[in-house]
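Participant: With these hints in hand, go ahead and build the complete structure from the sequences.
Chains A and B, in that order, give the protein sequences.
To convert a position in the first sequence, counted from 1, into this note's numbering, add 14.
To convert a position in the second sequence, counted from 1, into this note's numbering, add 385.
It should be emphasised that the hints constitute simulated quantities derived from the structure, not laboratory data.
Quick caveat, the model's predicted, so the values are computed rather than measured.
Hints are not guaranteed to be accurate.
Said to hold, decoys possible - Mimicking BS3-like on lysine-lysine, the simulated pairs with C-alpha atoms at most 30 Å apart in a straight line are:
no. : chain 1 : residue 1 : chain 2 : residue 2
1   : B       : Lys823    : A       : Lys391
2   : B       : Lys733    : A       : Lys378
3   : B       : Lys732    : A       : Lys549
4   : A       : Lys340    : A       : Lys549
5   : A       : Lys355    : B       : Lys819
6   : B       : Lys722    : B       : Lys782
7   : B       : Lys732    : A       : Lys355
8   : A       : Lys82     : A       : Lys481
9   : B       : Lys822    : A       : Lys546
10  : A       : Lys540    : B       : Lys699
11  : A       : Lys330    : A       : Lys481
12  : B       : Lys782    : A       : Lys540
13  : B       : Lys398    : B       : Lys487
14  : B       : Lys827    : B       : Lys722
15  : B       : Lys733    : A       : Lys549
16  : B       : Lys831    : A       : Lys391
17  : A       : Lys540    : B       : Lys732
18  : B       : Lys773    : B       : Lys732
19  : A       : Lys546    : B       : Lys823
20  : A       : Lys229    : A       : Lys144
21  : A       : Lys355    : B       : Lys699
Claimed, not checked - Which stretches of chain A does chain B cover? Using the computed rule of at least three CB atoms under 8 Å from a CB of chain B, they are:
no. : region
22  : 181 to 190
23  : 197 to 205
24  : 287 to 299
In this text, a Cβ means the ideal position worked out from N, Cα and C, and glycines have one as well.
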Amino acid sequence: MSNKETIINVADSDNQVHQIQDNLLPSNHQKEQPVERKGWTFGQKFALRVSVIFFLIMSIPTSWDWYKNLFGINWFSIHYRDIYDIARFNPNIFQFSPKYGLLGYSEWLAILGVAIVGALIWTSIERKPKLNYDSLYYWIRVVVRYRAGIGIIGFGYTKLFPTQMPYPSLGLLNTNFGDMTAQKIYWLSVGIVPWYQVFAGLVELAAGTLLFFRKTTTLGAVLLLGALGDITYVNFAYDGGVHIYASYFVLFAVFLLWYDAQPIYNLIIRERFTLPRVYYPKLSEKWQRYTRIGLKVATIWIFLIYLFYAEVLNFKYDPYKQPAMKGVSVLRGNYHVSEFKINNQPVAYSSIDSVRWRDVAFEKWSTLTYNVNRPVKLDLSNGGGSPMRDINRTFELTGAAGGKRVFYYDADTINHVLYLQDKYVAAIKRDKGKGKKKDAANADHKKGDKNWIPKEALANIGDENLKIGAAALSTRRSRGIVEEQKDKRKRNHMILKYSTTDGNHVILTGVNDQKDSVYIVLDRYKRDYVLKDSKLVAGKY
Amino acid sequence: MSISNNQPNKPWKDYEKILFRFFFIYFLIQVVPLDWKYYAHLFSINWADLQFSDIFYISRYTPQITGHYAAGEWGLNTLADWGTIALLALIGTSIWSITDKKSQHYNQLYYWLRVLLRYRLAIGIIAYGFIKFFPLQASYPSISNLNTSYGDFNRWKLFALSLGIVPGYETFLGLVEIIAGLLLLFRKTTTFGALIILLFTGNVFLSNLAYDGGEGIYSLYLVSIAVFLIWFDLQRLYILVALRQPVQPNQLKPVYLHAWQKNGRLVFKGLVIFFFMVLYGDKTYAAYTHGGYHYPQAKGLKGSEGIYHVSTFKLNNQEHPQSDTDSLRWQDVVFEKWTTISIKTFKKQILDSVSTEEAPVKDFDRDYELAGSGGRSYYHYTIDTANKVLHLTNKNKHYPTDQLILHYTRPDSSSLVLSGVDQRKDSVYAVLSKIIKKYLLKEAAKGRSKSISRL
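Facilitator: See below:
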């Protein structure tokens, strides 16, 4: 079963596989000549030139924001998103509009066009002393390996420490299946099984790590192709919205696999004696060797080790898709509305009433949610991104309907008052680099009442930046909160005083978002969900 | 027929021989239908009216040494069976090792074992491939399912429903399985087929663990065969792509000495492809065009399909106002397109749960709609159109006595009045009015461009 006898050691030779002498080949080999690697044909060279230009453009960050992030990072007060944003970028030179022309692949096609034109020019000006195409192929593969490896590791960690797909909040558990978008249903279907998400993260992480090493590149590319091929299809099927970035990795994986495809075909399907492609550059100068090792070590340190640390902090204290601050401790869980008065008029329970609250829940974080039987405006985004303020973390409401209202609150726990703000807010047009227009768009929204929370209450509420575990405080969070506080879009708000002893029986009184006075009696109940929760839970509440 | 080997038959190392003996016996017991109970099952099949489910169950053969056999269905084996089989294989290996001192290698047996496993794995994976390719395995959620809270499903059910909303994706997954199975039917492409199964079914295995599915052991069974098949080429691939050294290919190939061997092989292959691809594919397609096997076939009360608000509800002439705490009061009622009514109440229920793929024939036994779903009571019903009476029976096996006999009147096309008695002879009276319900799931599926801003 062993082939060891026939192994010819060429590992230390430099692309000399075709020099193997015939007498080293097994004598009883069916007179098949090994498929020898010939020189580069014209067509192969041209294809490589196109590939080099194409994958270089695809692998080089071209957005100003990327560089702004990179140079703005405080490496001594790290946030996972600092490193994640280095790992995650799409080619964005052309930025066609509409964005989703050709399913969104117009950018790629344009880059391919540039690559072909570039390759044509290259072909016409290349002079006699020829480039070493083996070397060129080797180096573009290095670029592609590292780009794909770093990119997928950025994603892998948000699954390894399951924060990418959060466990459904009470509000979502209480939402009917048919009242969600397909995208939401897919996200939640992974969120309910955190250990499975960990496994998916391990696969992505393994794929990425294997790409950092030449000997394991093909295996890494197979894993990457399998995992991201599925994710691409999932994004099309569930309208996930990130099919472009997922297929980006599929493309990179296919390019990497191409290298070994022919030899593997020759060995397994044709069952012939096979020579692998081997080319390792000679790094003869000391500085070359040091540079190589230095870059490799830096990559592994930043994207495998330091990012690991940053992700642990994020998972433990600040899971990025759900609010991070604790809610009021006594107010947690599901509540029946036993009494509901609006402008002193009692309203009896009815599942089709458009005013009376139903399915009230206080999340373990700073959110109050309830349902009314009235159409409400919907946010169909994926609730992702990297908002630092809890009010902007919208996963608990995006892609869900059924008259669901979701309010963020600041609690003055001394005077027992909740200052609530609607988490739904009309989306900002996020045209990057058009900052001035953004402000103009905001002018449409009437300026929110700035001082609706009294100064004294603000003092009791405290600084939201400091309300998460001290270990997870970071420069990015501090800057981000200041930046997001400048957002003046108008939100619905309510001021509700709560009175309770142990949280089982709560009376809310105050003014709702329609400026009507409300009197609401809540009684907590334990809802036994069929869905079994997991012990692997993000955040500290 | 013999297996040619261009290399002189190298003697195997002792440990290689011992390992081989073990796996040979182990896999032989796992895949060759030796279990007598299985033949009892085969005889119970109505071959004249073969259903896709019959072939599906045949494809899922696993020996059940420790289990008991119930007529008409062929279940899956357990880890206890695996342990027993491993023990038998150990004993067999010992005897074999003592008695066989002559054999230098088992190239012949290895080849034939691989043939056996290739076909076993191909049949198994193709059977699941077709019920995804024609999206049957995960059905689109019923109206009742759409009106059940996310938290009122168990994990397995959410997994099935989440796949059920994207039939195109399910077809794609089925296609991957069918292609992997086809690759296994040819010696030279076996490794690629097995690799796809390792990645695909390996994921299915972990999904079964994560979502409390009932087919974890079976998927691991398929994965174990795939791993054994890949093993054959693994060292060669490792030398080629990792060590980057020249490699000798596989030298073991069958040589056909007589024409009948060649023909026999083709006939066998043809039969397998006919039975498990053509015939089975045709039967699954037929099942698909008849609306699948998860939901009942018989049509429900004409024009009743939809969800209803219960505006008035009386028990023993006592009016129960709407409430979210009264466990007796009906909250809403769903009439499915088929003969199922589901009623939402706040009464805590014992869950009916099935987590393996089953294809019951009788409508009443088709319990997919309630499997793993809480929050509602599911009733199968028959219609007496002459007397305008519905006979309801709870489909949940934990409530066999829960039955209702309800007279119905339809004041207009969007209302229904039900009155009658339940199993305790208590009188029930309910006025239902249809809710015009728009589901975000369906609205959003119409495309982003027409995005809905309010619902």
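Participant: Does each hint fit the structure? Answer for all of them.
Facilitator: Consistency of the hints with the structure:
1. In summary, the hint linking Lys823 of chain B to Lys391 of chain A is supported, as the alpha carbons are separated by about 14 Å, within the 30 Å threshold.
2. With a C-alpha separation of about 25 Å, the suggested pair Lys733 of chain B and Lys378 of chain A falls inside the 30 Å cut-off, and the hint holds.
3. A threshold of 30 Å between alpha carbons decides the hint, and for Lys732 of chain B with Lys549 of chain A the separation of about 27 Å falls inside it, so the pair holds.
4. Restraint check for Lys340 of chain A and Lys549 of chain A: the C-alpha separation of about 19 Å stays at or below 30 Å, so the hint holds.
5. A distance of roughly 28 Å separates the Cα atoms of Lys355 of chain A and Lys819 of chain B; the hinted pair therefore holds under the 30 Å criterion.
6. Among the hinted pairs, Lys722 of chain B with Lys782 of chain B is consistent with the structure: their alpha-carbon atoms are about 22 Å apart, no more than 30 Å.
7. Proximity of Lys732 of chain B to Lys355 of chain A is assessed by CA-CA distance (about 27 Å); at most 30 Å being required, the pair is judged to hold.
8. At most 30 Å may separate the alpha-carbon atoms for a hinted pair to count; Lys82 of chain A and Lys481 of chain A meet this at roughly 27 Å.
9. For the hint pairing Lys822 of chain B with Lys546 of chain A, the CA-to-CA distance comes to about 29 Å; that is within 30 Å, so the pair holds.
10. This hinted pair checks out: Lys540 of chain A and Lys699 of chain B have alpha carbons roughly 27 Å apart, not beyond 30 Å.
11. The suggested pairing of Lys330 of chain A with Lys481 of chain A holds, with an alpha-carbon distance near 14 Å, which does not exceed 30 Å.
12. Of the supplied pair hints, the one linking Lys782 of chain B and Lys540 of chain A holds, its CA atoms being roughly 26 Å apart against a limit of 30 Å.
13. Among the hinted pairs, Lys398 of chain B with Lys487 of chain B is consistent with the structure: their alpha-carbon atoms are about 13 Å apart, no more than 30 Å.
14. At most 30 Å may separate the alpha-carbon atoms for a hinted pair to count; Lys827 of chain B and Lys722 of chain B meet this at roughly 17 Å.
15. A distance of roughly 24 Å separates the Cα atoms of Lys733 of chain B and Lys549 of chain A; the hinted pair therefore holds under the 30 Å criterion.
16. Between the alpha carbons of Lys831 of chain B and Lys391 of chain A the distance comes to roughly 18 Å, so the proposed pair stays at or under 30 Å and holds.
17. For the hint pairing Lys540 of chain A with Lys732 of chain B, the CA-to-CA distance comes to about 13 Å; that is within 30 Å, so the pair holds.
18. With a CA separation close to 28 Å, the supplied pair Lys773 of chain B and Lys732 of chain B stays within the 30 Å bound.
19. This hinted pair checks out: Lys546 of chain A and Lys823 of chain B have alpha carbons roughly 29 Å apart, not beyond 30 Å.
20. Under the criterion of a C-alpha separation no larger than 30 Å, the hint pairing Lys229 of chain A with Lys144 of chain A is consistent with the structure, at around 28 Å.
21. Between Lys355 of chain A and Lys699 of chain B the CA atoms are separated by roughly 27 Å; this keeps the pair inside 30 Å, and the hint holds.
22. Restraint check on the region 181 to 190 of chain A versus chain B: 6 residues with Cβ-Cβ distances below 8 Å, three needed, restraint holds.
23. Evaluation of the coverage hint for the region 197 to 205 of chain A: fulfilled, as 5 residues show C-beta separations to chain B shorter than 8 Å, against a requirement of three.
24. For the region 287 to 299 of chain A, the stated coverage by chain B holds: 6 residues have a C-beta nearer than 8 Å to a C-beta of that chain, and at least 3 were required.
Comparing the model with each numbered hint stated earlier shows that all of them hold.
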